[in-house]
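Line order of the protein sequences matches chains A and B.
First residue of the first sequence: 7, per our numbering; consecutive thereafter.
First residue of the second sequence: 2, per our numbering; consecutive thereafter.
Keep in mind the hints are simulated off the structure, nothing from the lab.
With the Cβ distance kept under 10 Å, some of the chain A side facing chain B (calculated, not the full set):
{"hint": "1", "residue": "Leu25"}
{"hint": "2", "residue": "Ala28"}
{"hint": "3", "residue": "Ile37"}
{"hint": "4", "residue": "Trp49"}
{"hint": "5", "residue": "Ala53"}
Over the 10 Å line for every Cβ pair with chain B, so calculated as not near, a few chain A residues:
{"hint": "6", "residue": "Ala59"}
{"hint": "7", "residue": "Ala60"}
{"hint": "8", "residue": "Trp63"}
{"hint": "9", "residue": "Ala65"}
{"hint": "10", "residue": "Arg69"}
{"hint": "11", "residue": "Arg72"}
Pair by pair, the computed Cβ-Cβ distance ranges are:
{"hint": "12", "chain 1": "B", "residue 1": "Trp46", "chain 2": "A", "residue 2": "Gly56", "range": "14 to 22 Å"}
{"hint": "13", "chain 1": "B", "residue 1": "Phe297", "chain 2": "A", "residue 2": "Gly56", "range": "17 to 25 Å"}
{"hint": "14", "chain 1": "B", "residue 1": "Pro224", "chain 2": "A", "residue 2": "Ala68", "range": "51 to 59 Å"}
{"hint": "15", "chain 1": "B", "residue 1": "Asn329", "chain 2": "A", "residue 2": "Ala64", "range": "38 to 46 Å"}
{"hint": "16", "chain 1": "A", "residue 1": "Ala64", "chain 2": "B", "residue 2": "Gly385", "range": "43 to 51 Å"}
{"hint": "17", "chain 1": "B", "residue 1": "Asp388", "chain 2": "A", "residue 2": "Ala64", "range": "29 to 37 Å"}
{"hint": "18", "chain 1": "A", "residue 1": "Val24", "chain 2": "B", "residue 2": "Trp206", "range": "29 to 37 Å"}
{"hint": "19", "chain 1": "A", "residue 1": "Ala59", "chain 2": "B", "residue 2": "Val400", "range": "37 to 45 Å"}
Every residue, glycine too, gets a C-beta built ideally from N, C-alpha and C.
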Amino acid sequence: MGLDLRIPLGALFVALGVLLVAFGLASEPAIYARSLGININLWWGLALLGFGAATLWAASRARARR
Amino acid sequence: MHPRPIDWLIMAVYLGFVLAVGYLLRRDMKTSNDYFLSGRSIPGWVAGLAFLSANLGAQEVIGMAASGAKYGMATSHFYWVGAIPAMVFLGVFMMPFYYGSQARSVPEYLKLRFDEKTRGLNAMTFAVMTVFSSGISLYAMGLMLHLLLGWDFSVSVWLSAGIVLLYILLGGLTSAIYNEVLQFFLIVFGFAPLVFLGLKDLGGWSGLTARLTHVATSQGFAPRAWSSTWSEMAHAAANPLGVEWFGVVMGLGFVLSFGYWCTDFLVVQRAMAAHSLTAARRTPLIAAVPKMLFPFLVIVPGMIAIASTAQTGGSGFALPHKADGTLNYDLSIPLMLGHYFPNGMLGLGLTALLASFMSGMAGNVTAFNTVWTYDLYQAYIHRGASDHHYLTMGRLATVFGTLLSVAAAYVANRFNNIMDLLQLLFAFVNAPLFATFLLGMFWKRATGHGAFTGLLAGTAAAALHHGLTLPRGSPAGIKGGWLALLHSYPSEMAQNFWTAIWAFTVCFAVTVTVSLTTRPRPERELVGLVYSLTPAGREPAGPWYARPALLGTVVLAAVLLLNLLFW
Numbered sequence: 007m008g009l010d011l012r013i014p015l016g017a018l019f020v021a022l023g024v025l026l027v028a029f030g031l032a033s034e035p036a037i038y039a040r041s042l043g044i045n046i047n048l049w050w051g052l053a054l055l056g057f058g059a060a061t062l063w064a065a066s067r068a069r070a071r072r
Numbered sequence: 002m003h004p005r006p007i008d009w010l011i012m013a014v015y016l017g018f019v020l021a022v023g024y025l026l027r028r029d030m031k032t033s034n035d036y037f038l039s040g041r042s043i044p045g046w047v048a049g050l051a052f053l054s055a056n057l058g059a060q061e062v063i064g065m066a067a068s069g070a071k072y073g074m075a076t077s078h079f080y081w082v083g084a085i086p087a088m089v090f091l092g093v094f095m096m097p098f099y100y101g102s103q104a105r106s107v108p109e110y111l112k113l114r115f116d117e118k119t120r121g122l123n124a125m126t127f128a129v130m131t132v133f134s135s136g137i138s139l140y141a142m143g144l145m146l147h148l149l150l151g152w153d154f155s156v157s158v159w160l161s162a163g164i165v166l167l168y169i170l171l172g173g174l175t176s177a178i179y180n181e182v183l184q185f186f187l188i189v190f191g192f193a194p195l196v197f198l199g200l201k202d203l204g205g206w207s208g209l210t211a212r213l214t215h216v217a218t219s220q221g222f223a224p225r226a227w228s229s230t231w232s233e234m235a236h237a238a239a240n241p242l243g244v245e246w247f248g249v250v251m252g253l254g255f256v257l258s259f260g261y262w263c264t265d266f267l268v269v270q271r272a273m274a275a276h277s278l279t280a281a282r283r284t285p286l287i288a289a290v291p292k293m294l295f296p297f298l299v300i301v302p303g304m305i306a307i308a309s310t311a312q313t314g315g316s317g318f319a320l321p322h323k324a325d326g327t328l329n330y331d332l333s334i335p336l337m338l339g340h341y342f343p344n345g346m347l348g349l350g351l352t353a354l355l356a357s358f359m360s361g362m363a364g365n366v367t368a369f370n371t372v373w374t375y376d377l378y379q380a381y382i383h384r385g386a387s388d389h390h391y392l393t394m395g396r397l398a399t400v401f402g403t404l405l406s407v408a409a410a411y412v413a414n415r416f417n418n419i420m421d422l423l424q425l426l427f428a429f430v431n432a433p434l435f436a437t438f439l440l441g442m443f444w445k446r447a448t449g450h451g452a453f454t455g456l457l458a459g460t461a462a463a464a465l466h467h468g469l470t471l472p473r474g475s476p477a478g479i480k481g482g483w484l485a486l487l488h489s490y491p492s493e494m495a496q497n498f499w500t501a502i503w504a505f506t507v508c509f510a511v512t513v514t515v516s517l518t519t520r521p522r523p524e525r526e527l528v529g530l531v532y533s534l535t536p537a538g539r540e541p542a543g544p545w546y547a548r549p550a551l552l553g554t555v556v557l558a559a560v561l562l563l564n565l566l567f568w
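Isolated chain A, as found in the complex (with noise of 0.2 Å):
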């Protein structure tokens, strides 16, 4: 199959990530009150972003081996 499924999947939870944290950082704290005093934005936001440049560098590691 041509397309690698991890270039993909690796770049949306990027971009998901890359918003969520962005939001987390702008946004004023007391929406955080609902989610119990956590910036959940920013925490989630960060571990969107670790699993999606993970993703991609596996990728990216399969694409050099080949």
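Following the hints, put chain B in place on chain A, whose structure we already have.
Just chain B now, kept in the frame of chain A:
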């Protein structure tokens, strides 16, 4: 729930990726084999996650959370008893015949193993069933989006059907499978923080179980009835499911679960698309690993919802009531998303919900277009055309399959009881299926006449059992008892499980009896289709996770451990 631009942006990014995947794959779709079976080129881990995701429709996510609220931890029987053992059996014992026979669909295996009429019966009922299930999935989504976001029913139905149609039209099964993997990760990443926040709000697992004790005792059950799986299963009256352990093990764990996971083309198609026999066998085993952890993702939210409704946590979440005064369990996950997630995460949660709706529908559409093209159109309407002709027919089937689903969604919206009736009929048709496959694969003497009459007799037995029994307290009619009342069950679930047990037993007995009185097929025709006539393939070398039998054993051991931990 008040989405802001950031939430819409997250949803739009996801939808953009979904369509881009379909667009990027369009060049790979050259033959019907590419379109319907991904050219048998999918790696095991991708097929495995798609296998899981195709089943993870909205009814699954919404329904399992609702059951978590209604029945508590015992709902995980649907995973640890009602899914994992059957998935392991499929991977270790059945996949060699599905994949090795080069059948392109489950009905086609029946044609190779038995005869044309058995295939025709299975293909026809399956095609009708998939269209209606994807219609019901659309309908559920339309209702939910209307309730949560105030969207118009028609807009949400046509919009999501249009997106699913577009990406399958472009990239065929590969596109559906790739998107199912995206959907899998979205659902995991979208719901995991919900469980975390909910548990934190209630003071962790111990805070949750303490509140569930209150839920159980206030309804007259033993204190652990909501937080344990087996401890209250000795008698049907002692647990909220209203089923005893034998019904769970035989009805759910054996007949219903093996009948679904081992014979439903919707899931088996994902394994058939894998790039090798070993990858195909590993597909359901790889899927089993996240599957056994899913109770924590989809059932625990329902338990958190009912626990905080009984005794509210720090942040005061509670479930709303329906018009008839009962709690609206179906809203557990959607309302918790709105309660715990700030804007931003709210977008991610809603996207996960949308993803589950779409994966459920896409699975049905790809299974439908394949069965329609190979098992109905090529078999009965137009034989011997060029491959290009069937590829075009597959694309057409994708369009009219989607249109039929939309129509079914509207029917469901107008006439709720028609859908209940149809689902009941499908349950009758499906209940005996596993007996046919079990005898077909493991008993060389089983004949086509035997299989066909067995299936019909099993379906009739299911209908008869339903017509003669009722769940306690229900009026005769759609719930059963429409012939006479011979027996009443403590709950609807117990009645379902026993309907399945009867259907399986009758199908098994009739298939054996008729097979013994009809002429068997010559053994040389059954090589590769029946266990005893197929030379055992050698277990591939490699680490433990690359060997299906060993991986299957590890999976079963892990699920046994989970049952003991949450006993």
